[in-house]
Structures are given as C-alpha cells and as structure tokens.
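> So the sequences go chain by chain: H, Z, B and W. The first sequence begins at 1 in this note's numbering and counts up by one. The second sequence begins at 215 in this note's numbering and counts up by one. The third sequence begins at 429 in this note's numbering and counts up by one. The fourth sequence begins at 643 in this note's numbering and counts up by one.
If you're looking for bench data, these hints aren't it; they were derived computationally from the structure. Heads up, some of the hints might be wrong.
Said to hold, decoys possible - Below, computed lysine-lysine pairings styled on DSSO-like, alpha-carbon distance capped at 30 Å:
1. LYS408(Z) with LYS300(Z)
2. LYS496(B) with LYS741(W)
3. LYS710(W) with LYS282(Z)
4. LYS728(W) with LYS386(Z)
5. LYS741(W) with LYS408(Z)
6. LYS99(H) with LYS86(H)
7. LYS710(W) with LYS728(W)
8. LYS136(H) with LYS282(Z)
9. LYS350(Z) with LYS172(H)
10. LYS728(W) with LYS350(Z)
11. LYS350(Z) with LYS136(H)
12. LYS836(W) with LYS282(Z)
13. LYS496(B) with LYS86(H)
14. LYS300(Z) with LYS313(Z)
15. LYS836(W) with LYS514(B)
16. LYS408(Z) with LYS350(Z)
17. LYS194(H) with LYS282(Z)
18. LYS194(H) with LYS313(Z)
19. LYS282(Z) with LYS728(W)
20. LYS300(Z) with LYS136(H)
21. LYS68(H) with LYS622(B)
There are 4 protein chains.
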Amino acid sequence: MSENFAETALRLVSVARGLHARGWLLGTSGNLSAVLDREPLRLAITPSGADKGELETSQILFIDELCKYIDEPRVTLSNDRPVPGKPSDESPLHVAVVKARGAGAVIHTHSVWATILSDVYANEGGVEIEGYEMLKGLDGVTTHLHREWVPIIENSQDMPTLASTLNEVLVKYPSAHAFLLRRHGLYTWGRDLKEAKRHVEILEFLLEAEGRIS
Amino acid sequence: MSENFAETALRLVSVARGLHARGWLLGTSGNLSAVLDREPLRLAITPSGADKGELETSQILFIDELCKYIDEPRVTLSNDRPVPGKPSDESPLHVAVVKARGAGAVIHTHSVWATILSDVYANEGGVEIEGYEMLKGLDGVTTHLHREWVPIIENSQDMPTLASTLNEVLVKYPSAHAFLLRRHGLYTWGRDLKEAKRHVEILEFLLEAEGRIS
Amino acid sequence: MSENFAETALRLVSVARGLHARGWLLGTSGNLSAVLDREPLRLAITPSGADKGELETSQILFIDELCKYIDEPRVTLSNDRPVPGKPSDESPLHVAVVKARGAGAVIHTHSVWATILSDVYANEGGVEIEGYEMLKGLDGVTTHLHREWVPIIENSQDMPTLASTLNEVLVKYPSAHAFLLRRHGLYTWGRDLKEAKRHVEILEFLLEAEGRIS
Amino acid sequence: MSENFAETALRLVSVARGLHARGWLLGTSGNLSAVLDREPLRLAITPSGADKGELETSQILFIDELCKYIDEPRVTLSNDRPVPGKPSDESPLHVAVVKARGAGAVIHTHSVWATILSDVYANEGGVEIEGYEMLKGLDGVTTHLHREWVPIIENSQDMPTLASTLNEVLVKYPSAHAFLLRRHGLYTWGRDLKEAKRHVEILEFLLEAEGRIS
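Required output: the full structure, derived from the provided sequences and hints.
Written out as structure tokens, the structure reads:
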C-alpha cells in the first residue's frame, strides 16, 4: 500500500494546491480524500487545520472506516518524514460518501458562491441546476437538459448526526453528484481524484453562474 | 506533417492551459483545434474529456474533414508516446468553421459570463457589442464604432443538426467573428492559433463588460 | 537574533507576495510584521512604499516598541545586502496589536470588498459576521454559530490618535480577531505568521461573501 | 543607450506580463513605454498588436518625439535578435504625457471596470475618487481626504486630434495622475516604470471599488 499511498498523496497535494489558488480552500478550510483500499477501507485524507496552499505529501494521513488514524509507516515520494497530524474533523462525511456511492475520492471546497447559494436556497432544500452544457461533465450525464438537484443540508458541529443526515440525503437523492452544507461549502466526489476534481470545477462554475443571475 | 504537428500540439497545449487557468475551460469543458493541412483537410484537436489544465501534447489528435480520427503516427516534441483518445464530440463545429471561414484555428471556451449572456440575449438571437476600443483587436476591425453581432444558437446534443444550423448562421452573418451556443459557451477562430486566442480574450472581456452592466 | 530574522524575513516575503497576487496588497498598500523578541520588543516589518509583489528579504526592517528603526546588522537568507528603508507608517498599529493581544504577527491588507464594507457599515460601527463554517478557522472559535464583530475605526492620518483609538477598541472588543479602518483596509493577527495569514484568508473570504449578498 | 535599453526592455516585459495575467491587457490591448533619453526624446515602447502575455524583450522598439521608429541597433539582454515591428498606434498619447508631465514611464491598461466607469461617468466628464487610503499611493498625495479627478476623454481613431484633446486635458487638470478614454481604458504614468505600475494598481483598485458600489 505504501507506494500507492505515495502517489495518491502527491495527487491530493497537487489538487489541493490548485483549488487553494482559485480561492476555494482559503484559510485551512475544506478537505480532500482518496480511497487506497476497499476491504478493509483505507482512506488517504488531508489533516485538520492545514494550509492547502502549502500542503506537503508528508502531511497526508491514513484513516480506516471508523475514521481512526492508522499509525502505519507512510512512504512519501519526497522521502520527507511523515508529519504527525489529526485527520480532518469531517472524515465521517468522507467515509459516508465513499460507502454510499462507491466513490474513489471526495473533495470538499468552501467557495464564496457555494456559501452564498447554500443559504439563499436553504428553505427550498437544494439548488436546482438545469439546461447547462457544463452539466455534461458530471458522471453519467449525456445532455444539457439534465436537471441536477444539489441538496442542502443544515450545518452542524455534531458530526455523527450530520453523517446520519447525510446518509439519508444520499439515499433520498441517489443520482445527486454533490451536496451543500448550509453556509459551509460543497461536497462532491468521483470514481477517482481526477473525476472528483472535474466535478468540483463543474459545480463551482455552475453555482457561480446561478449566483450571478439570481 | 509530423514536425508541423509537434509544434502545433505544443501551442494548443500552451493556449489550453492558459485559458484553463483563467477559468474559461473548467471541468474538461471546451476544445481547441488548429489546421495542419488544407487539401486534404487535417486538424489537430483536443480529445474529448481532457482536463485542459493538465493537457499534454501526447493527447492531441489528428482528424480529417469527416471528423474521423486518423491513426497516423504522431510525433510529439516531448517524445511522449501518443495517448489514445477520442476527438472532441464537437469536432463537426470546428470543421464547419474552418471550411466556412478559412480559419486556421478554432477555440471554444465556457466562461461564466458567456454562459449567462447566451441565455439573457437568446430571444434576441444574439448579443450586440458596439463602441468599445477592444473591438479593434478583432480581425479587420479598424474602429471602436464597429458593431459586432455575436449570434446565439440554441444548444443541442444532435451534432449534425447543430453543425447544419451553424453553417446557416455563418452564411447569414458573414462578418461575425464568433458565435455563442445557448447556456453552453463561446466559439471563435482566427487565421492561426495566436489570432484565435486573441479573439477569445477580446470576446470574453467584452462579454464580461456587457454582463456587468446589464 | 540574526538567524531568526533571516527566516522570519523570508516568511514575511513569501506571505506578502502571495497576498499581492490575490490583489489584496496592490500599489504598495498594506504591511506585515512578525515578532522577533518580546523583551525588549523587536519586530520585523515591511518597509514603507514597497511593492509587495517584488518584495525582497533585504527590504525587511527591525523596529522596537517605539517603532524606531533599529540599525543592527540584518542577516538575510539570500545574503543580499540589507536595503535601507523606512518602517511602515502604520508601525504604531502593529505594535499596539502585538502588545494588546500578545500577537506574534500582524497583517494589514487592502482588498476591494474590505474597503467597500468598511464604508457601508461605518455608521453601525462594525460588521457582524455570523453563522458561517469558515468562522471556525479563527483562533478559539469552535462553532459556525459564533458571532464575530469586526469593529470599524474611522480612518485618520494622525497616527498617535489612531493608535490610541485602536487601543480603546481592542479593550472594548477583547475577543475580536480583526478590525477595519474605514475605506482603508483590514487588520488581523495571530500567534504567528501562519495563523495571521489564515485569519486574513478567512476574513477576506467572509467580507467578500457579505459584500456580494448585501 | 543600448545597455540602458536592454534593462528597460526587460522591465517593460516583466510589468506587461504581470498586468496581462491580471486581465488588464487582454487581446493585445494596452501599451507601455519608458523614457530612455530626454534630449532628444527617446522612448522604449511596446509594439502594435503584441500579446502582452507572451511579450519578449526583442519586440520592444525605440521611437523619437515624433513617434517615428528609430532603426538603431537594439541590444536585448537575452541576445535575441530584435523583432521588426510597428510602434503602438497610441504612441502620440505616450509622448504627450511624457512631455506635459515629465513622466519617465506611461502605462495604458484595458480593464473591465475602467471600461465600464469610463462610460457610466462620461457625461460628467470624469470620475471623482475621494476618501480612500489607497489614494495615498499616488505620487504627492499625503492623505486619504485627497480628491482625485480622473478626466474622461471621448474615444477617437483620429490620433492627432486625440493627442491634441489630451494636451488640453493635461493642462486643465494639472494635478491629475491619470485619464480614461471612453469605453477604451486607463492611462497613467510615473517618474519611472515602478511608479507607473504602482499607479496602475492603485487606480484599477479604486475603479473596481467605485464600480462595485455604483
């Protein structure tokens, strides 16, 4: 698993730095994960409180399906010594998405437009996005006539409750590619980190477009 | 043709990465092409589904005037082995522009402002842009008093029909430098990739200016 | 102190260049400082009138608690010869924050949104920011339900008076993480430069979100 | 003069690329110049039609006070052979500013906000900017209470007439640091390129702030 981890860590860092540059992961906000193994579940995840613009592979951590930190030797491409850290507080949401959707990677961003729309549309329970060619970049979508419903979940600091609500939402909207936490940010995922990153770019674009016309 | 291809591929990659950085090609959206030969027509084009921010010369493909992939050896400057791929689904629109306008390069971007205006002005059939000095950067325009009409074409997944509509639009507006696909994005072109890139920058600028005052 | 200074100067330069790239320190505006010693107080600070996008470690200066320039040899990592300069005119505000809050670093940015909101909310005496997950990135904040009050101080060129008003404000709002100078910009701080930078990113994000919805 | 030219050309290229990255010189718009000699007047200036994002020192040209291209050997730092080119069409405006203000460098940008405000305030003849700390970055300004009047000149393709109108405006507003051409862009200047760049950043910031609140 170590070599696999080294490459995955490098890709997590590369994507994180790029999204920070766009202003979608400011102030240590947001987090990213990628599946290393399914049985038993092993996730590589960004640590709590890290500046994503200066993230290093040595900061990426292992967790299991209970979100517990796994203290196995981590080999990084740069041969830097692993930095001790705490997995992201929102690890349970990553694990929930991975298990419910079979996702290979999960990305959570905090953009200004996602934050605004998650509040504006909170009473409607979600943001409806329809009729954009850009939607075709979402996995399985073949026409701009597609209607994407991005559910909004009320924000909470009670992580077990939030994970439980999320599980219900993922069941209720089986074809949703993403969800918003109110006044918090966007979660999306993909079969791998590349697809998850593509989904972030598409959804952030669409939320900005919706935000500017609303 | 191989050496010509290698340089063209490098320039396509360079322009694509730059436009992705500006947020105009997010989420694998958009595509770029450049003419390699006229008789018979040979186009270098970006593949379907590529992340333009990480595009490599090895991903650039050849197509003919029927948009068929040409399986000739491709030589890349980096000596990377060509990556198998599928030409962009919108290749017929690139070929249509090249044939109708004699263009040497075609660029299709997806920006937030182009997307918004393509919907706001859809019922009027196009966006009128007039009186800006920036217009003088469009090929053949010598005064800011120029009136540019950017036709809007209803979006469709039926590519032959869309190409046919586009041909009519190109005939109807022989001096247009660009067109919009509704809620989809901008197409523009030039004698070469340099001019096509210049036209992208000018039109995206003008659409943002129009969008912010409308 | 010299080695400590060299590293601190390098970090000040790195943060300054990054914030300039985001457009938050345009036109030589803004300034940054970091504590080198507490007893007696020694601050490394950016010089007056420097282009933060081209800042060099050789331009960073020492000052004492009276904001007087200290003419001790400065060792820079690059071994460039120290460039003579004048400490930022706003040094008294940096010293005031360091003494009142025990801060290890202070950053002052000029962003468009901070400038706008500092005027819009001037009559209310401050900007109230509440209910955003992003608030949790502020030191000591553990829930998005936190209510942050960012006091607004009337701008002035009379630096002793401004420092005196600032001292009153810091006493009156002991839990504030930042303040705005009206039509001028944002001041925030942290235990170290890393935390101060995190606070800048968080507050600039929140002010932009508030600005776009107001 | 050759060595002086080489360094000046390098600085012009560096500033031009940076301003292009910010989106203020898109599509070959805008131009920059710096004085090499006063008696007789010699200006280094960007060529007509150049992509500022890919500008090379070999493209920078000499002109005299009649804006005539000077065919002297140009030495570039990179030892690239000088590229033949045509001086910017707006060279007469650069020369007018240099002579009227004694400026050492002139920068002309095309930003979205400057373009919008130059039209919105055209009937008032200029944009009044007052009360911002950022104003203190303009040469000679010592307080945010400063009132800057940025005159707006009607755009024209008749360059001699435009230069003549400009001369009247420069006489009428002897303390103006900049002017706008309607629906065209911003001109500002400084004792040297560094100051001119600082003025660009300050004025673009202020115009954006004014544009967002108006």
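> Out of the numbered hints, which ones does the structure contradict?
2, 3, 4, 5, 9, 11, 12, 13, 18 and 19
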